[in-house]
Structure formats: C-alpha cells, structure tokens
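S.K.: Position chain B relative to chain A; hints supplied.
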Amino acid sequence: MTAPDTLLSVRDLRKWFTIKAGFFGAPKVVLKAVDGVSFDLRRGEVLSLVGESGSGKSTVGRAVLNLEPPTAGTVHFGQALISDKSPDQMRPLRRAMQMVFQDPYASLNPKHTVETILSAPLQIHMPEMDADQQREKVAAILSTVGLSPAHARRYPHEFSGGQRQRIGLARALMTNPELLVADEPVSALDVSVQAQVINLMLELKDSLGLTMLFISHDLAVVGHISDRIAVMYLGRLVEIADTDSLLTRPRHPYTIALLAAAPNPDPTRRRKRQLLLGDIPSPLSPPSGCPFRSRCYAALPACAQTVPDLRTVGPGHARACIRDDL
Amino acid sequence: MIPVQRPPVLEVENLDIAFNTKSGTIHATREVSFSVRQGETLALVGETSSGKSVTCLGLLGLTPPPPYCQIGGSAKMTTRDGTVHQLIGRPETDLRRLRGAAASVIFQEPMTSLNPVHTVGEQIAEPLRIHRGLSPRAATARALELLDLVRISDPRRRLDNYPHELSGGMRQRVMIAVAIACEPALLIADEPTTALDVTIQAQILELLSDLQRQTDMAMIFITHNLGIVAEIADRVMVMYAGRVVEQGDVVPIFTAPRMPYTRGLLDSLPRLEPGRPRRSLLRAIPGNVPDPTAHPPGCTFGPRCDHFRAGLCDSAIPPLEQTAPGHAARCLRLDAIANAAGVSA
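Respectively, the protein sequence lines represent chains A and B.
With this note's numbering applied, the first sequence covers 830 to 1155.
With this note's numbering applied, the second sequence covers 42 to 386.
Hint data in this document are derived by calculation from the structure and do not stem from the laboratory.
Be aware that one or more of the hints could be misleading.
[Claimed, not checked] Listed below are the simulated DMTMM-like cross-link pairs for lysine to aspartate or glutamate, each with C-alpha atoms no more than 20 Å apart in a straight line:
| # | chain 1 | residue 1 | chain 2 | residue 2 |
| --- | --- | --- | --- | --- |
| 1 | A | Lys849 | B | Glu206 |
| 2 | A | Lys1034 | A | Asp1071 |
| 3 | B | Lys63 | A | Glu987 |
| 4 | A | Lys861 | A | Asp1138 |
| 5 | B | Lys117 | B | Asp135 |
| 6 | B | Lys63 | B | Asp332 |
[What the hints assert, rightly or not] According to the in silico footprint, chain B covers these stretches of chain A (three or more CB under 8 Å from chain B):
| # | segment |
| --- | --- |
| 7 | 989-995 |
| 8 | 1010-1022 |
| 9 | 1028-1036 |
| 10 | 1045-1054 |
| 11 | 1070-1081 |
[As the list claims (entries may be wrong)] Under 7 Å between C-beta atoms, here's a sample of chain B residues computed to sit facing chain A:
| # | residue |
| --- | --- |
| 12 | Leu306 |
| 13 | Ser309 |
| 14 | Leu310 |
| 15 | Asn329 |
Every value quoted in this text rests on a predicted model; they were computed, and no experiment measured them.
Glycine included, C-beta positions come from ideal geometry on N, C-alpha and C.
Next comes chain A alone, as it looks inside the complex (with noise of 0.2 Å):
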C-alpha cells in the first residue's frame, strides 16, 4: 500500500496527552501534542522537523517509533503497520529503526563502558553473535564513527560532549538500521565539535544508505543536512518542501517568520526584522482556526473559522495556509 522507495510513512498522526483525569467532573484537559501530521519519508533522504519549543516535534519523532503508541493516525514502516503493534511485537522491528538522543551526557550510562553500551543492542537484536565476533562488531563500528577501538573499555566520562555523541551514533548503528530518528543531535555540542557530528551524519548516510528523520530548532543545522524541511507548529505542520524550495521561497507565514529570526552571521547585512509578537500559546489552549493566527502578521477574520488543510502550491511543496497570495 506504500509506494516500494518510501521508508516510512505517516498519516494523521494525533499524539494526545490527558493531563487532568476528569474529577467530581470536571472535564477532563488534553493536550494534543501532535495533532493530524502525515507525511512520507523516502529511502536515504533526510526529512527534518523544525519547531520551536511545544511544536510537537520530538512527540513526532518518537511515536514514529512506536516508542510512545499515537493516539491515532497511522505508522507504516516499509510495508508493516507499525502504530498498532506491541513493545513485544516492535521489538524485531526495532533492530531496523534506531534512535539518537540530543544530550550525550544523559543518554548514555555513566556505570557502563562503551563496549557495553555498545553491545547492549547486539544481546537483544543479534543474540546470535558470540563475545568475539560482538567485540569486532563494537571495534568496527567505533572506527566508523571516527573513534578508536581502544576507547571501548572507557567510560562516557573520559569524552568530551563530541565523542560521546559519536558513541550515541554507533550504539545507533550497532544493529544496521535503515532509519535514523535524531532529535536535536547537534544542539549541545560546541560550534566547532557541531561541524565535526554533522559531517559524520552526512558521511554515514552515504556510506551506509540510512534514511533519517532529523529533528532540530536549528535553521541553519536543518537548512544544511537535509533534502526536505517540514515546519511545525503547535502539533501541526504548516509547510512541507524540499530544502532549497523551502528556504529560497517560504510559502507560510510561520516559515517566514522562522526565516527571518533566524540570526545571520553577516555583520555586513543586518536587517530590521519581521518580529513574531508574543509566545506560543499553550498547547492547553490553542488558538481556534489556524493555529499560528494568534501571532500571524497576515491572519484575516475567516483564519479563525476553520484548521487549514496542507494544500499543495509547487512540486513537492506544500502548506497549510488560506491566504493564497501570500
């Protein structure tokens, strides 16, 4: 039911979180996190998914997994529908679909060497492995990611924020996945160690065929690294488009606007920028309508009436917007 080059596909995805259970009645409040996203992830490109802070796009990024069952909507992985499936039913799947976490510090155990948190994917998805040919295995994959073998029987606290990134990329790659979910990969580390992790990102991707889905605020970061950009806002996303179509022609206003703060390290060429007034509003509470009207410079009465559906405006670009002049 999928066309064979999509990897991943997504459609309607509604992530909602119940924060008050109803109480001597009071209603209950939900949070739609992510609220009817779809999308398709083809084999080997890179899709990223840029928000600000309660977009909704890690929520994304981890209920394509499965690592959190959506409320609705669908996950196909390859030909498998996979939103529906159990921790014990994913678990096979798993092997294929692979995480990267935002802080090296956090994600990985400070108790344990970085062979065992290397082979710790290789027990559950490859038991049939032995000791040695696991060792070769975790040798082999930290020089990949340009480590040295000999930096297996260290602890996280020996590296520095950009090798242990690289540790959470090869404990990623341990198992050969075709998909990477990386969400915020890049955003702890140093300038100059962030251009060291990205150019191993691309270099893997090649080298290894992966598909990944990139999750980040950064413009710059996600302007660089993949072949389409989809923007979200409030659970939503707004504008989808290939990279160089997004950037050079933005065709919402929240894209815009995104484009617009981002700060450009050009002393030569400031500019007085289109501001956003105000804050996200509470995802508890979202704007009726559109919902990025409350802080659009372009809203009309009628962007109040109705959510507006992602409509397409180019090849390949798409957005979800009624003001068709814009």
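M.R.: Frame of chain A, contents of chain B only:
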C-alpha cells in the same frame, strides 16, 4: 559605528582568574585585557571552558572567595556620575553596592535566576529599594513602568505573577527589567537567549538593542552563537582556553579574521544563504577544546590548527599582536598565513 571618543565604562587589564582545586590550580583566564565604552556592545565569544563567563563573574566578584579562587589584574569601572571604581580586590560590601546599580547581569536560564517564591513585582522593586532607597509604593510604581518598558503585555497583572506563571521569553524580560531597574552603566548578558526559541530570541535581542540606545549603557554580550554576534556587536573578543585570541570591530572579525581559530569557527558554520552548497561537508575544526587542567605547550590552539608548525607554535605562547588599528590577534604565523591566503598583511 561608535565614535572612538566615547568614554570607557570598563577597562580591564591582565585579568587572571585561577581556581585552586584538589587536583591543582586551574587557570580559567590569563592576561585578559579589554575595554567597553558607553553605548557600545562588546561580544565575548568562545566555546566551553574558553573563560568567557568566568571573566564577567570574576569582575563582579561573583567567583568564590580566596583561597578557592585568586583574581589578579585590574578592572576600572566608571559609573554614570563619573566616579571610577577599582573592582579587583574590592571588599564584598563595596561590590554589593555596585552590583545591580552600576553593573548588572542577566543569566542564561531565567527560571533559575528568578526567585520562585517572590512575585515579579517584588523582584523588580528590590534593587530600587536597596540601591535607590525608594519606598515600597514608589518602587512598585517604577516596577510597573519597567515591565512596560520591556514590553510585557498586561504589566499591571504581571506584577503579581510568580515566575512559574510566565513563559521563558517573559521571564527573560522580567530579568532584563530587574537588571536595568537602576539604569546601570554596564549590562552583562551571559547567553541571555540560549534557552529561548528563535522567534523569542529575536524579540529579546531587539529589546536589548532598543534599551541600550535609550539608556546609553555599555553591554558585554557573552555568547557562543556567531549569528547573534553578527547581529548585535560593535566589537568582538574571541576567547580560547582562557586567553583572548582575537579582538576587533565586528565587520573585520567576520570578513577578515586573522587568528586561525576565528577563521575556523566561521568556516565551520552551516549557513542559510540561498545558493550555498548543501549536504556538503562543513569545514570542521578537528579535535576538541583542550582540558583546562592540561593545556598543550605553546599556542593552546596549536594541536587543532591547520597552520601549526612544530618547533614554533609549541615552543612559546604567542603574544596578542596588533594587526590593524583596534584589531589584535594571538598567533605567531599571522604574516605567513595572510600571505598564503593572498591577503595583504
């Protein structure tokens, strides 16, 4: 551009900050010298352990007392009434009179720098009552004006809010209101937008620039984000492993950096301009920031530098050399590198 004749607000010379720890003395900064003039923004740029934050903490006496931390050098601050104060070695009681009145700080994380058990209004009024001796009523009235000045919507209601009731951007606005309450001559902003979303970051940067224009305060802006530096700085000071490695006006720093580290930082940035090659490898700086307890001999950037020459760069620490009026860089091979790049030295 800022005319050169503006009076300096802060003049720092040879600031050395050293921490005595169980595993020996760690030199957090060495020979840091700079000045900031009225109405000017100096951006202090650097990565982890470059010494950029500790420089400012040390100046304001916010580092631990001796013997845990030793501070050497001199720092002269001129307040708005023209009085000159020496900050280094000053007793805590004197510094306390200056902090929050003549010089204020905004930190990165507004949630941890605001007191969770006091209302926003109380926290803005506090420096006004302490430093200016305002009555509670007058201080609250001024707090209301300040909330309006930092463009918080519905300021009257916000006075009675607690920090947890505000968003991150609003908390940072409150922090700014507290910091500027006594119209300081110097505002130090230590990564004030790092915890914020980009659209909120843009609002805060705009607000700080506007406030600076209105009050003519000097600003030291500490950040690792070169995009922000390009947006707001008049002058830039790049630090690496506790030393100033390059300083100058913002445009030459970005268009013609002299120290290989500065150039490396700029080259390693992914950029948004259309037409840039995408999905290509970035020119990353190899290696990692050195461990503060084990600096390499000679130039601390040497082991990561493309232009490293054994026997030269690892033999002595290069001096900070003037390369043009108002521009200095710390590298022994400045001329060789400039010639190789076809730039006139």
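S.K.: If you test the structure against every hint from before, which numbers come out violated?
M.R.: none
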